[in-house]
Amino acid sequence: MEELFLCNSISFLDILHPSDLIISTSKVTSITGPSGSGKSTLLYFLNGTKSPSSGDIFYKGHNILNIDIVLHRRKVLLVEQKPVLFPGSVQDNLIIGCEIQKKAIPSKQQLQQYLDEFKLHVALDGPMSSLSGGESQRICIIRCLLLEPEVLLLDEPTASLDEVTANHVIEYIIDMHHQNSMKLIYSSHSKKLSSIADEHIDIQQKKILRLS
Amino acid sequence: MSDIDLIRLIIAYSLILMLYLFMKIRRIQQDKLLIVASFRMTIQLVLAGYLLRFIFQMHNTWLTLGIILLMVTFAVLNVRKLAQKRLTSSMVKSIVVSLSTGTLLVLVFFLLAVVNPPSLFDPRYWIPLAGMIIGNAMTGISIGLKTLLDNVESNKDQIQTSLHLGAQPQEAIRSIVNKSFEAAILPTLNSMLGMGIIFLPGMMSGQIIAGSSPITAIRYQIGIMLGISGSVSLSIFLFSITIWKSFFNAKKQFTP
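Note that the protein sequences, when read in sequence, are chains A and B.
My numbering puts the first residue of the first sequence at 412, with every later residue one more than the last.
My numbering puts the first residue of the second sequence at 58, with every later residue one more than the last.
Think of the hints as simulated: they come from the structure by calculation, not from any bench.
Take these hints with a grain of salt, some might be off.
Facing chain B, according to a computed beta carbon distance under 10 Å, are these residues of chain A, among others [what the hints assert, rightly or not]: (1) G459; (2) K471; (3) H473; (4) L476; (5) R485; (6) L489; (7) Q512; (8) I516; (9) K519; (10) P560; (11) L622.
In this text, a Cβ means the ideal position worked out from N, Cα and C, and glycines have one as well.
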């Protein structure tokens, strides 16, 4: 088993994980635990937008504090639990990541394809304000997929999506994972959704458990 | 110029008395503030008058410089007070750098290149012009800071998400900093629009009453308006290219 992330004796909130926590390259990983247990925080550590109070995070053997953190975030993209939208149209929101990273803007056809794939029946030039929470969440996921990250972190995709859609989205991304070897890590408190993953991390009573 | 004698000056206070009575009758709350404000205005101006007379008589370059630095210091303290929020030391640093550099550079340029006083370090020119330039830059930075803090607060999520999408910190906050730049410079631009039609600026009115030709007065006024816009924009520019650091740590994480 090849390691992708290594969390070396990290502590945060009241959680102390004295040993190494390994997330492997090839598998789909789920992080479970009750709300407020620190699932999201752990995801934020992985892309370096937050840091544990002690301990280090390694990505492919490099301490993420020693590499260009912005480049790291571009490889390890995080979709937040609550969809965050920017002013402008649906299309503006889809391509904002490409604009930020100065990547080629995808064609309308490509964008439309994604919308269809994610069962989104919205106009590209329509306003974001008319979208539901679940629709917005899918826009946020597509926004990250367009950037072709090495790792995709999904924070509680079930929070804004109904179970059927969440399952569909995860399965689609797992499919991408098989095709493009994009690593998927997601947090969820839904037992059903976490069963799709083949590697599990569980945070219970201030302890991180790794169950394979 | 005809001097206003003391009795006539006291008569002018009847206007404040009128306002006071109106507040009393209508039970408007700010009557105490009115008394304090008029009292402070009187004391402060009397002191300023005597202080200025003393400084002009001394005609000492170091004293003039000291007074100007004191004005900048008060301006910084005022910005801090007007922010009504606790500022981090990094924010204060940005305010100090932008306000002092922006005003002093423009002041020196304006006096040497534009006004060119007969005696180079004549406090009669330096002090009043410094007052106008520093005062306006202070208002600009104050508005800019307030707009910035409010907008960072209401756009926290977008800033965080921009970082998640791989933005550099200064990119993630750029549009918000630009908005605060606009808000800060707008009052200066608006006052330029209305100048001469809606109101005659205080300095120009003063010069005309003191006997200067209106043509001389407008030359000064145009000059000082350009000086003010210059110092406001330079201060605000320096402020916007330094302040973003206050919202991020060395790990490029958002720390609002």
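Would you settle whether the hint for G459 of chain A is holds or violated, based on the nearest Cβ-Cβ distance to chain B being less than 10 Å? holds (7 Å)
Classify the hint on K471 of chain A as holds or violated, based on whether any CB of chain B lies nearer than 10 Å to its CB. Violated. Min distance 17 Å.
Can the hint on H473 of chain A be confirmed by a CB-to-CB distance to chain B that is less than 10 Å? violated (15 Å)
With a cut-off of 10 Å on the beta carbons, see whether L476 of chain A makes it to chain B. holds (7 Å)
Interface restraint verdict for L489 of chain A against chain B (beta-carbon cut-off 10 Å): Cβ of L489 of chain A sits 5 Å from chain B, so the hint holds.
Have a go at the I516 of chain A hint: is there a Cβ in chain B nearer than 10 Å to its own Cβ? violated (14 Å)
Chain B contact restraint on Q512 of chain A - CB to CB distance below 10 Å: Nearest chain B Cβ about 5 Å off; hint holds.
Verify the interface restraint on P560 of chain A: the C-beta must sit less than 10 Å from at least one C-beta of chain B. The hint holds - P560 of chain A has a Cβ within 10 Å of chain B, the shortest such distance being about 9 Å.
Quick check on R485 of chain A please, does its C-beta sit within 10 Å of some C-beta on chain B? holds (4 Å)
Chain B contact restraint for L622 of chain A - C-beta distance below 10 Å: violated (28 Å)
Do the numbers back the hint for K519 of chain A, that is, is its least Cβ distance to chain B under 10 Å? violated (21 Å)
Checked against the numbered hints above, the structure violates hints 2, 3, 8, 9 and 11; every other hint is satisfied.
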